[in-house]
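Novice: So the chains spell out like this:
There are 2 protein chains.
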Amino acid sequence: MRYCLGVDVGGTKILGAVVDEEGTIVSKTRVPTDRSEGLDALPEAIDLFLAEADKPIEAIGLAVAAFVENHSGRITFGTNLAFSNPDIGADIAREYGHPVVVENDANAAAWGENRFGAGKGARHMLMLTVGTGIGGGVISHGRLYRGSRGYAGEFGHIPVAVEGPPCNCGSRGCLETLASGRALARMAQERGAGHPESEVMRLADGNIEAVTGALVGKAADVRDPFALELLWELGTWLGVGLTGLANSFDPEVIVVGGGVLEEGEAVLGAAREEMNERFRGRVAPPRVVSASLGNDAGVVGVAQLSLDAVDGLEGSEMGHGR
Amino acid sequence: MRYCLGVDVGGTKILGAVVDEEGTIVSKTRVPTDRSEGLDALPEAIDLFLAEADKPIEAIGLAVAAFVENHSGRITFGTNLAFSNPDIGADIAREYGHPVVVENDANAAAWGENRFGAGKGARHMLMLTVGTGIGGGVISHGRLYRGSRGYAGEFGHIPVAVEGPPCNCGSRGCLETLASGRALARMAQERGAGHPESEVMRLADGNIEAVTGALVGKAADVRDPFALELLWELGTWLGVGLTGLANSFDPEVIVVGGGVLEEGEAVLGAAREEMNERFRGRVAPPRVVSASLGNDAGVVGVAQLSLDAVDGLEGSEMGHGR
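Top to bottom, those sequences are chains G and C. Per the working numbering, the very first residue in the first sequence carries number 1; after that it's consecutive. Per the working numbering, the very first residue in the second sequence carries number 323; after that it's consecutive.
Everything hinted at is true.
As a list, the in silico SDA-like pairs of lysine to any residue whose alpha-carbon atoms are at most 25 Å apart:
{"#": "1", "chain 1": "G", "residue 1": "Lys13", "chain 2": "G", "residue 2": "Lys218"}
{"#": "2", "chain 1": "C", "residue 1": "Lys335", "chain 2": "G", "residue 2": "Arg282"}
{"#": "3", "chain 1": "G", "residue 1": "Lys120", "chain 2": "C", "residue 2": "Arg465"}
{"#": "4", "chain 1": "C", "residue 1": "Lys442", "chain 2": "G", "residue 2": "His71"}
{"#": "5", "chain 1": "G", "residue 1": "Lys13", "chain 2": "G", "residue 2": "Asn85"}
{"#": "6", "chain 1": "C", "residue 1": "Lys442", "chain 2": "G", "residue 2": "Arg143"}
{"#": "7", "chain 1": "C", "residue 1": "Lys335", "chain 2": "C", "residue 2": "Ser614"}
{"#": "8", "chain 1": "C", "residue 1": "Lys377", "chain 2": "C", "residue 2": "Ala363"}
Now the stretches of chain C that chain G is said to cover, found in silico as 3 or more residues with beta-carbon under 8 Å:
{"#": "9", "region": "386–399"}
{"#": "10", "region": "487–493"}
{"#": "11", "region": "565–575"}
{"#": "12", "region": "604–610"}
Calculated from the structure, these hints are not laboratory results. From the three backbone atoms N, C-alpha and C, an ideal C-beta is built for every residue, glycine too.
Please model the entire structure based on the sequences and the hints provided.
Specialist: Put into structure tokens, the structure is as follows:
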């Protein structure tokens with residue numbers, strides 16, 4: 001069996017896992033990080049992961065919540081991730097003597113779900129990660145599609161409401177301003193005062209500023225009508241975005257994961273209904289399914305990409321081994 | 323030199339051209355058709371084209387304004403094209419003894435512009451054809467990307483205004499309800515009464531029902547402020563759609579053609595401004611350029627696809643030679 005190290009660097013944690021060539025996680029470690037630290041906490045975390053790994057690894061894959069330039073692996077832009085060294089992948093390769101692949105985290109998750117998860121075997125697949133924001137990845141002809149610069153799959157920034165809420169990216173009405181965890185919290189806060197008896201407000205002790213997306217999810221678990229209404233609205237906006245994507249890519253399947261999808265059916269049910277409504281009379285919309293690898297999709301996917309790069313596989317034209 | 327016959331079947335005309343392997347049109351014939359006839363007028367037109375061709379052709383490519391099923395070449399759905407025989411491609415191949423490729427017309431035009439036109443050499447390119455409606459095509463890794471069923475690139479049906487005008491497809495607020503020739507005519511008719519002194523209304527002899535998209539174009543040629551305002555608005559909506567596409571595909575270049583683009587800079591200027599506005603602070607949006615092959619893009623593109631199919635080229639994984 002062959003092994004590699006997959007590392008997923010988010011805004012508040014670094015997850016490291018030794019993964020075998022069949023996508024099975026052999027060991028996993030989670031390191032919490034300070035938001036201001038971000039990617040700069042990576043070298044220390046890698047020391048730890050490598051010390052704990054009891055398998056010989058062939059390569060390291062880094063999934064990062066940022067824009068990664070195609071071919072070079074340079075990190076060029078991150079809305080939610082602090083970093084001071086755009087070439088950290090190259091530095092780590094040099095320091096540890098392993099080939100390193102750097103990949104956008106949503107692309108890595110898409111590759112993981114396509115190789116080993118809910119989209120296994122699909123030649124044309126999209127993945128959306130609906131968490132605080134929205135990330136995306138594209139599988140085309142069985143390969144990861146990164147576009148000309150590496151910035152494909154930025155589905156969070158598809159405009160769905162031209163005059164909609166301002167987005168962190170500088171635009172307005174992007175999909176993630178209406179269908180992400182952050183959007184869920186905002187909608188709940190805007191309307192909470194009108195639902196004083198709701199479970200959402202009860203869980204927040206009546207303090208509207210304490211309402212979060214996760215709290216709305218909890219309230220939905222006990223069928224709180226206000227929470228379910230918010231999730232339905234979020235799912236409807238998601239369905240609007242997915243309609244555009246389905247018309248653009250015609251994928252076999254769209255895989256949706258991320259924290260907000262813990263309320264999977266409430267959200268995906270609404271999204272499917274919106275898509276059916278908008279596709280009526282033409283062709284059937286593609287299947288929309290829940291992701292199956294959960295938070296491990298990124299480490300598993302990027303580990304596999306690093307192994308593909310070692311093998312010089314076409315599938316990793318998109319990777320950038322060094 | 324090698325030759326093939328490219329045929330472009332639209333709602334009101336069939337265009338046939340003998341094209342050489344370098345994309346040069348050797349001869350061209352245009353046959354007007356009755357709207358109710360549509361694709362059923364094709365066999366007679368092909369008889370004519372073949373009788374007129376004075377070169378030996380190797381294959382026939384058919385570009386049709388309809389959904390074409392991947393691999394099979396079956397025509398499955400057409401909003402703007404009447405047809406009674408979905409397998410007309412196979413029948414023509416049998417009758418004339420030439421390999422036949424059937425392709426969606428916007429996909430064919432995208433391939434033409436990518437091989438020989440404004441997108442020449444781009445590995446990742448999108449094309450939009452903005453005419454009565456909006457068609458689209460995707461080039462990915464230097465190949466025509468058709469999606470899982472053949473329905474990729476339906477950019478006219480990306481939702482950009484959830485409660486927008488009803489679309490022929492059954493949905494609402496699709497890009498083509500706000501940024502096509504048909505949309506231009508509707509906007510002009512809705513607002514014409516408020517601009518009685520405009521060149522638009524003068525050209526229509528004050529008869530609001532006589533206002534068409536083409537007439538708005540004519541008025542724009544003499545810098546009519548009302549016409550320019552309408553084209554700017556159309557271009558702005560186009561820019562909203564292109565922003566979503568750029569975030570989804572990250573193409574090197576977006577090529578825009580079609581009848582409405584005869585007012586090219588008025589429309590593309592607005593589209594670029596909207597994209598710049600929505601991309602600020604992140605990365606540069608892709609280049610947006612006018613198509614260069616005009617109405618010939620479809621015949622040239624589909625002729626080339628048929629030649630690729632004869633050669634069994636990867637580029638025509640998407641074609642379906644018989």
